[in-house]
Amino acid sequence: MKITNLAIIFILIIFPFTYIQNSQLKSQQTAQQTEQLYDTYLSAAVQDAAAVLRFNEKQQYEATYESIKKLRANKEQAVEAFLRTLYTNFSITDDPVSQQVLAAYIPVILVIDYDGYYIYSAEEYKNVNQEPEVKHVWKPKKFYSYVDQAGNSLSFTLDTYVYAYDRVNKQWSKGFQADLAASTRIPLLKKPEEFDQIRRSTIVNSIQQDLAYYINQHNTYARHYGITYTFTLPLISEEEWTNTINDMGVIAFIQGIPIGAKYYNNYALGGSRLLKKPVIYGAIRDGVKIYYRSSCNYTDTIVETFTSEIDAAKKGYFPRSCINSTH
10 MKITNLAIIF ILIIFPFTYI QNSQLKSQQT AQQTEQLYDT YLSAAVQDAA AVLRFNEKQQ
70 YEATYESIKK LRANKEQAVE AFLRTLYTNF SITDDPVSQQ VLAAYIPVIL VIDYDGYYIY
130 SAEEYKNVNQ EPEVKHVWKP KKFYSYVDQA GNSLSFTLDT YVYAYDRVNK QWSKGFQADL
190 AASTRIPLLK KPEEFDQIRR STIVNSIQQD LAYYINQHNT YARHYGITYT FTLPLISEEE
250 WTNTINDMGV IAFIQGIPIG AKYYNNYALG GSRLLKKPVI YGAIRDGVKI YYRSSCNYTD
310 TIVETFTSEI DAAKKGYFPR SCINSTH
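If you're matching positions, the sequence shown starts at 10 in our numbering and goes up one per residue.
Possibly wrong hints are sitting among the right ones.
Said to hold, decoys possible - With a straight-line Cα cutoff of 20 Å, these simulated EDC-like cross-link-like pairs (lysine to aspartate or glutamate) come out:
{"no.": "1", "residue 1": "K200", "residue 2": "D188"}
{"no.": "2", "residue 1": "K148", "residue 2": "E202"}
{"no.": "3", "residue 1": "K271", "residue 2": "D48"}
{"no.": "4", "residue 1": "K183", "residue 2": "E202"}
{"no.": "5", "residue 1": "K298", "residue 2": "D48"}
{"no.": "6", "residue 1": "K148", "residue 2": "D168"}
{"no.": "7", "residue 1": "K151", "residue 2": "D124"}
{"no.": "8", "residue 1": "K183", "residue 2": "E203"}
{"no.": "9", "residue 1": "K323", "residue 2": "E313"}
{"no.": "10", "residue 1": "K324", "residue 2": "D48"}
{"no.": "11", "residue 1": "K150", "residue 2": "D168"}
{"no.": "12", "residue 1": "K150", "residue 2": "D219"}
{"no.": "13", "residue 1": "K324", "residue 2": "E313"}
{"no.": "14", "residue 1": "K150", "residue 2": "E132"}
{"no.": "15", "residue 1": "K148", "residue 2": "E133"}
{"no.": "16", "residue 1": "K298", "residue 2": "E313"}
{"no.": "17", "residue 1": "K151", "residue 2": "E132"}
{"no.": "18", "residue 1": "K150", "residue 2": "E89"}
{"no.": "19", "residue 1": "K200", "residue 2": "D157"}
{"no.": "20", "residue 1": "K199", "residue 2": "D188"}
{"no.": "21", "residue 1": "K298", "residue 2": "E318"}
{"no.": "22", "residue 1": "K298", "residue 2": "D320"}
{"no.": "23", "residue 1": "K148", "residue 2": "E132"}
{"no.": "24", "residue 1": "K144", "residue 2": "D188"}
{"no.": "25", "residue 1": "K200", "residue 2": "D168"}
{"no.": "26", "residue 1": "K144", "residue 2": "E132"}
{"no.": "27", "residue 1": "K150", "residue 2": "D188"}
{"no.": "28", "residue 1": "K324", "residue 2": "D295"}
None of these hints come from the bench; they were simulated from the model.
Hey, can you work out the whole structure from these sequences and the hints?
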């Protein structure tokens with residue numbers, strides 16, 4: 010859809026989720042409760058995205074003896090799962106125009122892979138009629154690269170496996186840091202503690218810089234929709250970064266959605282390994298609080314998410330299996 014047309018539609022409908030917001034504010038009475046509900050939507054979407062990262066289509070991409078983390082991130086399916094959950098919870102599954110408007114409030118989705126990361130963000134391009142359009146696209150994979158003072162190059166991973174280039178010998182090596190320590194002249198590979206420190210800082214700094222860049226860049230595209238909110242990278246704690254780079258995962262941001270007199274601004278992190286435990290959804294159906302596993306694929310609006318059925322039951326939800334309802 011042309012930018013000009015989409016902007017007109019955006020203005021006409023003002024904001025596709027006004028009805029959702031108003032109805033929820035009437036029932037919950039406070040903007041804070043609406044914000045918490047959006048937090049649940051975002052968290053559920055990221056968890057669903059992270060859960061499919063390891064579902065590899067081809068056997069050769071499954072884990073090998075080299076590293077249990079060395080897998081191919083299923084990034085396309087992860088984003089599809091993320092958006093599908095958001096569309097369901099915002100009740101816009103069959104509304105492509107509202108889906109495009111929602112995309113205007115999603116500056117970046119980042120997929121953390123074993124040896125690098127992918128960024129999914131808005132980009133302007135010319136369509137077949139040479140008219141400007143904006144849509145989210147994948148940027149080229151960015152590797153966890155580092156160059157020491159001697160000019161040696163290292164490409165890190167989420168564990169100690171590394172690809173190293175010796176500038177003097179003009180030779181590439183690959184393997185775990187401990188295995189390469191005795192066979193290489195690169196100083197960093199002989200210092201395990203310093204290696205881990207630099208590896209982590211390299212990964213975090215690279216991701217932070219690119220997130221800040223693409224979120225800031227999103228301001229240009231948001232203006233096409235009449236959005237005046239300024240998109241910026243929120244503060245993410247060191248502890249969260251540490252947990253994020255321990256395994257493949259997803260980071261997603263939703264910013265700028267009006268909630269009363271303020272704007273919704275939050276992010277969610279999801280790691281694929283942590284999601285081996287089933288995700289439990291809490292919903293309200295026909296006035297009854299129910300819970301079920303995310304694999305049930307029901308279309309209820311998710312009220313809360315839990316990591317166990319016990320936690321859901323403690324909050325007053327009743328179990329619902331995947332086969333005992335026609336909903």
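Here is how each hint holds up against the structure:
1. As the CA atoms of K200 and D188 are separated by approximately 12 Å, the hinted pair is consistent with the 20 Å bound.
2. A threshold of 20 Å between alpha carbons decides the hint, and for K148 with E202 the separation of about 32 Å lies outside it, so the pair is violated.
3. About 15 Å separates the Cα atoms of K271 and D48, which keeps this hinted pair within 20 Å; it holds.
4. Taking the CA atoms of K183 and E202, the gap is near 19 Å; set against the 20 Å cutoff, the hint holds.
5. Taking the CA atoms of K298 and D48, the gap is near 19 Å; set against the 20 Å cutoff, the hint holds.
6. About 24 Å separates the Cα atoms of K148 and D168, which puts this hinted pair outside 20 Å; it is violated.
7. With a CA separation close to 9 Å, the supplied pair K151 and D124 stays within the 20 Å bound.
8. For a cut-off of 20 Å, the pair hint linking K183 to E203 stands: about 18 Å separates their Cα positions.
9. Distance restraint check for K323 and E313: the Cα-Cα separation of roughly 13 Å lies within the 20 Å cut-off, and the hinted pair is therefore satisfied.
10. Of the pairs offered as hints, the one joining K324 and D48 holds, with about 18 Å between alpha carbons and a cut-off of 20 Å not exceeded.
11. In summary, the hint linking K150 to D168 is supported, as the alpha carbons are separated by about 18 Å, within the 20 Å threshold.
12. Pair hint K150 plus D219 holds up; C-alpha atoms about 12 Å apart against a cutoff of 20 Å.
13. The straight-line distance between the Cα atoms of K324 and E313 is roughly 10 Å, inside the 20 Å bound, and the hint therefore holds.
14. For the hint pairing K150 with E132, the CA-to-CA distance comes to about 16 Å; that is within 20 Å, so the pair holds.
15. Only pairs whose Cα atoms come within 20 Å are accepted, and K148 paired with E133 is accepted, the gap being roughly 13 Å.
16. For the suggested pair K298 and E313, the alpha carbons sit about 10 Å apart, so the restraint of at most 20 Å is met.
17. At roughly 17 Å between alpha-carbon atoms, K151 and E132 fall within 20 Å of each other, so this suggested pair holds.
18. In summary, the hint linking K150 to E89 is supported, as the alpha carbons are separated by about 18 Å, within the 20 Å threshold.
19. Of the supplied pair hints, the one linking K200 and D157 holds, its CA atoms being roughly 13 Å apart against a limit of 20 Å.
20. As the CA atoms of K199 and D188 are separated by approximately 10 Å, the hinted pair is consistent with the 20 Å bound.
21. For the suggested pair K298 and E318, the alpha carbons sit about 13 Å apart, so the restraint of at most 20 Å is met.
22. Restraint check for K298 and D320: satisfied, since their Cα atoms lie roughly 13 Å apart, inside the 20 Å limit.
23. As the CA atoms of K148 and E132 are separated by approximately 10 Å, the hinted pair is consistent with the 20 Å bound.
24. Our distance criterion of 20 Å between C-alpha atoms is broken by K144 and D188, whose separation comes to about 45 Å.
25. Among the hinted pairs, K200 with D168 is consistent with the structure: their alpha-carbon atoms are about 15 Å apart, no more than 20 Å.
26. Our distance criterion of 20 Å between C-alpha atoms is met by K144 and E132, whose separation comes to about 6 Å.
27. Our distance criterion of 20 Å between C-alpha atoms is broken by K150 and D188, whose separation comes to about 27 Å.
28. For a cut-off of 20 Å, the pair hint linking K324 to D295 stands: about 18 Å separates their Cα positions.
The earlier numbered hints that this structure contradicts are 2, 6, 24 and 27.
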